[in-house]
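Chemist: Below are the chains, spelled out letter by letter.
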Amino acid sequence: MRALKLPSLPPDQEPGAPGVHPRPLWSLRPKSDRQAGDAVVSNFMLHWFPAKVSRASLDWNYSFWLGTVSAALLLLLVVSGGPLLFLYVPSVERAYSSIKDIEFAVTFGSWIRSVHRFGAHLMVAAVFLHMARVFLTGAYKNGIGQGQRREFNWVLGVFMLLATLLLSFTGYLLPWDQLAFWAVTVGTNIASSIPLVGPQVRELLLGGRAIDQPTLIRFYVMHVIVLPGALGALFVYHMWRVRKDGGLARADRAGRLPAPVAAAPVATKTYTLLGVARGTSPAVTTNRLVDEEATVNAVPDLTRRAAIVVLGTFAVLSAMAVLMRSPLEEPANALVTPNPAKAPWYFLWLQEIVTDTTVHIGSFTINGAFIGGVVLPGLIVGLLTVWPWLDRSPREAAGAWFPQTRRAQNITFLILTLAILILTLVGTFCRGPYWHFYWPWETWPDIPTRL
Amino acid sequence: MERRTNSPYPRLDRPVLAVIGLVLVLSTVLFTVGDRQHEWRYYQYAFRNTVSEKFGPDKAKTVASGLQQVWVPSLGRADRCMTCHQAVKWAGFESAEEPFRTHPKEILRSHPIEKYGCTSCHGGQGWAVDLDPAHGPVEHWEDPVLGASLGEAYGLVDNKSAMMQMNCNVCHRYDRETKGADFINLGKVLVRDKGCRACHTINSRGGTIGPDLTFVGDKAAEQYDFSRLNGQKTAFAWHVAHLKEPKGLVPDTVMPNFHLSTKEAQALATLIMSWRRSPVPAAFVPGVPHSDPRTPEEVVVEERMKTGPGAWFVSTGCFVCHSIKVFGITSPAQIGPDLSNAVEDVQARFGRTIDDFLASPTGTMSVVLSRQIILTPEQKQVAIGKLREAFAEYQKQKAAGTLKPAASH
Chain A
1 MRALKLPSLP PDQEPGAPGV HPRPLWSLRP KSDRQAGDAV VSNFMLHWFP AKVSRASLDW
61 NYSFWLGTVS AALLLLLVVS GGPLLFLYVP SVERAYSSIK DIEFAVTFGS WIRSVHRFGA
121 HLMVAAVFLH MARVFLTGAY KNGIGQGQRR EFNWVLGVFM LLATLLLSFT GYLLPWDQLA
181 FWAVTVGTNI ASSIPLVGPQ VRELLLGGRA IDQPTLIRFY VMHVIVLPGA LGALFVYHMW
241 RVRKDGGLAR ADRAGRLPAP VAAAPVATKT YTLLGVARGT SPAVTTNRLV DEEATVNAVP
301 DLTRRAAIVV LGTFAVLSAM AVLMRSPLEE PANALVTPNP AKAPWYFLWL QEIVTDTTVH
361 IGSFTINGAF IGGVVLPGLI VGLLTVWPWL DRSPREAAGA WFPQTRRAQN ITFLILTLAI
421 LILTLVGTFC RGPYWHFYWP WETWPDIPTR L
Chain B
452 MERRTNSPYP RLDRPVLAVI GLVLVLSTVL FTVGDRQHEW RYYQYAFRNT VSEKFGPDKA
512 KTVASGLQQV WVPSLGRADR CMTCHQAVKW AGFESAEEPF RTHPKEILRS HPIEKYGCTS
572 CHGGQGWAVD LDPAHGPVEH WEDPVLGASL GEAYGLVDNK SAMMQMNCNV CHRYDRETKG
632 ADFINLGKVL VRDKGCRACH TINSRGGTIG PDLTFVGDKA AEQYDFSRLN GQKTAFAWHV
692 AHLKEPKGLV PDTVMPNFHL STKEAQALAT LIMSWRRSPV PAAFVPGVPH SDPRTPEEVV
752 VEERMKTGPG AWFVSTGCFV CHSIKVFGIT SPAQIGPDLS NAVEDVQARF GRTIDDFLAS
812 PTGTMSVVLS RQIILTPEQK QVAIGKLREA FAEYQKQKAA GTLKPAASH
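Chains as they are written, first to last, in the working numbering: chain A, 1 to 451; chain B, 452 to 860.
Quick caveat, the hints were computed from the structure, so don't treat them as lab data.
Even glycine gets a Cβ: it sits at the ideal position worked out from N, Cα and C.
The reader is advised that the hints may include incorrect statements.
[Unchecked claim] For the chain B half of the interface with chain A, some residues (derived, Cβ under 8 Å), not all of them:
(1) 468
(2) 475
(3) 486
(4) 517
(5) 518
(6) 578
(7) 589
(8) 601
(9) 671
(10) 672
(11) 682
(12) 685
(13) 760
(14) 763
Could you put the whole structure together from the sequences, leaning on the hints where they help?
Modeler: Here's what the structure looks like:
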């Protein structure tokens, strides 16, 4: 067969057909706007970024890049989870010893496990802080772009927070030590306080009436297949919506400010490059967004900062994993309850509420698990989900820290966050044996040992 | 071409990115070095040098390097102790300092490392390869090495290493006396002499006034009341104190004070702590019956078959197919005819005398006597003699009317 003869292109000449990119990689130094645009269109990474972004949305002190930190942690968790998949054995007989092997015998095993474990803890924190930032800046609100659906992306975000929590919680059981066993006991006992169907829900979670092999394999499959798949899909959707909604809400805000020098009405194309979808509203003709001084090229200014955040996250986590050892307690023992038995730290505020709302009247006990474990978290998640539609503040409030018009809801949010934080701290540091209260400087009574 | 934006960022962002890159490289170096830094690398180096000095560099080349592990599937143990304790199987280090001491040979003959591992006797964390986690006591590992330092901490009387016998007795719990386990043996003597079983059930035998002690070694430390115990808050310390003065720890107990000496209390506590529900296969436990039990009647019958007048037929193997009812021998298979009246039966079946038939058998017996049960002419004479005895007995019983119906074919 005769080889198909392709016309050879001079190095700098543009390809004939749109979308055809003659080089294997994108160009970091595009020679024309066309090349810059093609680089974006033909490259997956750059799908996340518009060609140009407003300077304001790159500011460290607006977003604190918490979403990027969360994504970097997710990436690290997936990457570090890979080797652990090969090393960990999800059976009640072998799980604990396989973790001991990872800790003591596998090259870099202890570090890999620590990266995975601390990464998971950090991700819960980062995702929560990201949500708090978005709430406080009203970034779920639509701004100047047409067809924005930021409130929908917020709902996706709430689900991603839940997926993150569930991922962390399901991973908690896998080492099959006392910490894992009893944290999951506490967590799943809360489920059984749901009226009418509680015990059945618990049985569904555990695959039986006690935490045993069926529970382990359920949590394992959830942890390594179902939840990562769900979170991955949500993540892709989330990022796509960020682009379609015109990037950060702060860019909308910048677009609202008058340009220092009056300029001609803005062409739609420019908006596309800036990542604001579907043209402009007629009212917006001249503004900061198209000001030369107000925008930068995504490559390299945005990508460099993204690299700083992602690599910085890697470096911090790697150093943490070297300096601190992941906990691994005694093998799980259903007959011996550690005192105190605590839920994972991000659920400790709920455990604290459960104890505080459990009322003893004589020999009669009102169990607080229903209030603290079901009603309250259900209420919070429900409110978070619908909040963008309850928020009646004007469009101008989007993309700014503490605007006047959102003061009341921001303060309410902060108070609630503070309450959760305090309860978490109390649960973590001030609860000792028998869930008695101890100040951090008070020593707990000696925990006896066998020998 | 459109003018590129004058971004103010590169001036600061570039150095920041460079620093981050540096930190990344540093942290990579840190975890690589951290992962390689283990005491065992030093000990292997030191042992190789010691061997080189003592036996020459050629011998030193045979010293194993890298992580060493004994994997005992039946006990579920992966013991990496020999990563540092490399001299365990070497001769010539009998009086060296640990970790380079030769293991006493005698005990290894009956307890080979390949079958028992290290930690099933010594305690400790076999998975661990660092000094503290491997030996303990460390947090979250309740099974420290039962060595002299632990005995020192408890002020053990006489033999500081006696704690290890706790692990001996996990398998040897049904022994009346175990060779080399003096401490445990003393405890067992005390259990018998003081009559512990009057109140306590031990190994499913004993009274019910006190708690069942069969698996009391598994009782979690959290389940003891330490409020009246000074000093170490451990289950072992609790038992020692409780044995010496029961009312001191449990005021309303009915357990009497046996006025045990410290050594006796320690020996008994070691014994008590050894009573664990340990997942040891039955083959490891001396005293556990390895055969299925028989009824006394079965034992009597079997004994009679082996020692009675028909014992010759049993030891030769004839009884596999033939019963000899008059001698009380019942064949398990009962393929051939009862030999009680073989003298007349052979005559009836083959028209030959028993002597003639055994000399040149026909049919099945020709096969059996040429392949399975090969008899010398002398043995055949014995057989004929025995068969005549059986026939005599047969006729006697027939005359007396006590003959049971023969299960002949």
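Chemist: Determine for every hint whether it applies to the structure shown.
Modeler: Status of each hint after checking the structure:
Annotation: residue 468 of chain B was flagged as interfacial toward chain A, and the flag holds, the nearest CB pair being 5 Å apart, inside 8 Å. With a cut of 8 Å, the hint placing residue 475 of chain B at the interface with chain A holds, because the nearest CB-to-CB distance is about 5 Å. Here the hint on residue 486 of chain B is kept, as its CB sits about 5 Å from the closest CB of chain A, short of 8 Å. With its C-beta approaching chain A no nearer than about 10 Å, residue 517 of chain B sits outside the 8 Å limit, and its interface hint is violated.
With its C-beta approaching chain A no nearer than about 6 Å, residue 518 of chain B sits inside the 8 Å limit, and its interface hint holds. Interface hint at residue 578 of chain B: satisfied, since its Cβ lies 4 Å from the closest Cβ of chain A, which is below the 8 Å cut-off. A cut of 8 Å between beta carbons decides the hint on residue 589 of chain B: the least distance to chain A is about 10 Å, and the hint is violated. Here the hint on residue 601 of chain B is kept, as its CB sits about 7 Å from the closest CB of chain A, short of 8 Å.
Nearest Cβ of chain A to the Cβ of residue 671 of chain B: about 4 Å, under the 8 Å cut. The hint holds. Interface restraint check: residue 672 of chain B against chain A, minimum CB-CB distance 4 Å, threshold 8 Å, status holds. The interface hint given for residue 682 of chain B is broken, as the beta carbon of that residue sits about 11 Å from the closest beta carbon of chain A, more than 8 Å. Here the hint on residue 685 of chain B is kept, as its CB sits about 5 Å from the closest CB of chain A, short of 8 Å.
This hint is violated: residue 760 of chain B has a C-beta 56 Å from the nearest C-beta of chain A, more than the 8 Å allowed. Residue-level restraint check for residue 763 of chain B is violated (minimum Cβ-Cβ distance to chain A is 53 Å; threshold 8 Å).
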